Amino acid sequence: MRYIAQIAVGRLPYVNIFGTDYDTLDGTGVRDYIHVVDVAISHFAAMKQFEMNCGLKIYNLGTGKGYSVLEMIKALEKASGKTISYKECSRRPDDLATVYADPTLAAQELGWIAQRNLDEMCK
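Quick note on numbering: the sequence shown equals residues 1 to 123 in this note's numbering.
No farther apart than 30 Å at their CA atoms in a straight line, the calculated lysine-lysine pairs in the BS3-like style are these:
hint, residue 1, residue 2
1, K87, K65
2, K78, K123
3, K123, K87
4, K78, K65
5, K82, K123
6, K65, K123
7, K87, K74
8, K123, K74
9, K48, K65
10, K82, K65
I should point out that these hints are in silico values taken from the structure, not numbers from a laboratory.
All figures in this text were calculated on a predicted structure; none of them were measured in a lab.
When you get a sec, could you build the whole thing from the sequences and use the hints?
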């Protein structure tokens, strides 16, 4: 997301989209983007949990749903009011079509759920 935003503010000429032939709705890779404030809130929730139950636990943080690279570009265009240029490139080796988190354990044990949607993340 930060990389794409560099195009919106004119620091870079375009973003590379690696793969437009994935088995996804628009052919681009799908990822689980999350707002930094949601991550920070999850850290506080984890610290509270640690105070009550010492020990180490790993939580998967995310929204639990994915957005395609093109969806992200369109959301950033909407938020910035600018066109974001992109170049379609070949897939990179080992890239997966779809990757998103399962935040169920964080919701159950920490009471944490990501609050911001894609449009809110891009503002």
